[in-house]
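If you read the sequence shown in the numbering used here, its first letter stands for residue 228, the second for the next number, and so on.
Please note that the accuracy of each hint is not assured.
[To be verified] Derived SDA-like pairs: lysine to any residue, alpha-carbon spacing no greater than 20 Å straight-line: (1) K277 with V259; (2) K277 with K317; (3) K292 with N356; (4) K360 with K262; (5) K262 with P244; (6) K277 with S260; (7) K317 with P274; (8) K294 with N356; (9) K360 with S298; (10) K326 with N303.
[Unchecked claim] Computed spacing ranges between beta-carbons, pair by pair: (11) L331 with T374: 42 to 48 Å; (12) K335 with N283: 33 to 39 Å; (13) V315 with E242: 34 to 40 Å; (14) S247 with L321: 26 to 32 Å; (15) D319 with V355: 46 to 52 Å.
Worth flagging that the hints you see were computed from the coordinates, not collected in a lab. Note that the structure is a prediction, hence the values are computed from the model and not measured. Every residue, glycine too, gets a C-beta built ideally from N, C-alpha and C.
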Amino acid sequence: MFPGLLMNLMLYAREAPVFSFQPGAAVLGAQVSAKAVAIEPNGTQVPLFKLNIDSNITSKLMIDKGKLMGSVMLDNITLTLASTEIGVFKTDSLEKVVKIGMDLALGKVNATLGKGIILPRMKHIQLVNTVLKIEKGFVAISSDAETLQTDRSSYL
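Given only the sequences and the hints, what does the whole structure look like? Please build it.
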C-alpha cells in the first residue's frame, strides 16, 4: 500500500517491566508495543499497525573469582496484532524475526556474562568464597573477607 516510503517504528513499554526473584533464577517480564507508521514525501506520518510484544527472560547468576557470571535465556516471546489500519495480517513470521533478534542480543549478554563482570573491590580487603543465592523474593550474597597485606611505609 505504501511502496517506496520510509517507515518509522516506535517501541515503548506498555507497562513497567516486572523483575522477580525465584529460587535459583531472576526473571524479567516485559510488555512492549511497537507502532509502525509510513512517512509520506511531505513528512506526514500515516499509521499502519501496532504490535504487542510480551516476553519473559530468565537469568542464572553466580559470583566466581570476584566476577559476576551466569547466563540468560528467553523463556517465551509472543507477538500479537493489537490494531491495524491496513487490514489484518498474520504475525507468525514477524514473531520469528523478533525471536531471532532477541536470541542474538541475549547471545551477546551471555558472552559477557561468560567472561564475567568484575565486581567492585574494597581497599585492602578481598572477598573470597563468595556465594550468590537467589531465592523467592530476594538475593543473598555471603562471603569471607581476606585482608590484603600492604607496605605501611608508604603511609608515612
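Report task. With a cut-off of 20 Å on the C-alpha distance, tell me whether K294 and N356 pass. Result -> Holds, at about 12 Å.
Report task. Please work out if K277 and V259 have their alpha carbons no farther apart than 20 Å. Result -> holds (10 Å)
Query raised in the report: Are K335 and N283 spaced within 33 to 39 Å by their CB atoms?
Result: violated (19 Å)
Query - 20 Å Cα cutoff - pair K262, P244 - result: holds (19 Å)
Query raised in the report: Are the Cα atoms of K360 and S298 separated by 20 Å or less?
Result: Distance of about 15 Å is within 20 Å: holds.
Report task. Would you mind confirming whether the straight-line C-alpha gap from K277 to S260 stays at or under 20 Å? Result -> Since the Cα atoms of K277 and S260 sit roughly 7 Å apart, the hinted pair holds (cutoff 20 Å).
Query raised in the report: Within a Cα-Cα threshold of 20 Å, do K317 and P274 meet the stated pairing?
Result: Roughly 18 Å between the alpha carbons, so the hint for K317 and P274 holds.
Report task. Could you tell me whether the CB distance from V315 to E242 stays inside 34 to 40 Å? Result -> violated (25 Å)
Query raised in the report: Is it true that the CA of K292 sits at most 20 Å from the CA of N356?
Result: holds (8 Å)
Query raised in the report: When you take the CB atoms of S247 and L321, is the distance between them in 26 to 32 Å?
Result: Roughly 28 Å apart at Cβ, these two residues keep to the hinted range, so it holds.
Query raised in the report: Falls inside 46 to 52 Å, the C-beta gap from D319 to V355?
Result: holds (51 Å)
Query - Distance restraint evaluation - L331, T374, Cβ atoms, bounds 42 to 48 Å - result: With a Cβ separation near 44 Å, L331 and T374 satisfy 42 to 48 Å, so the hint holds.
Consistency with the previously given hints fails for numbers 4, 12, 13, ordered from lowest to highest.
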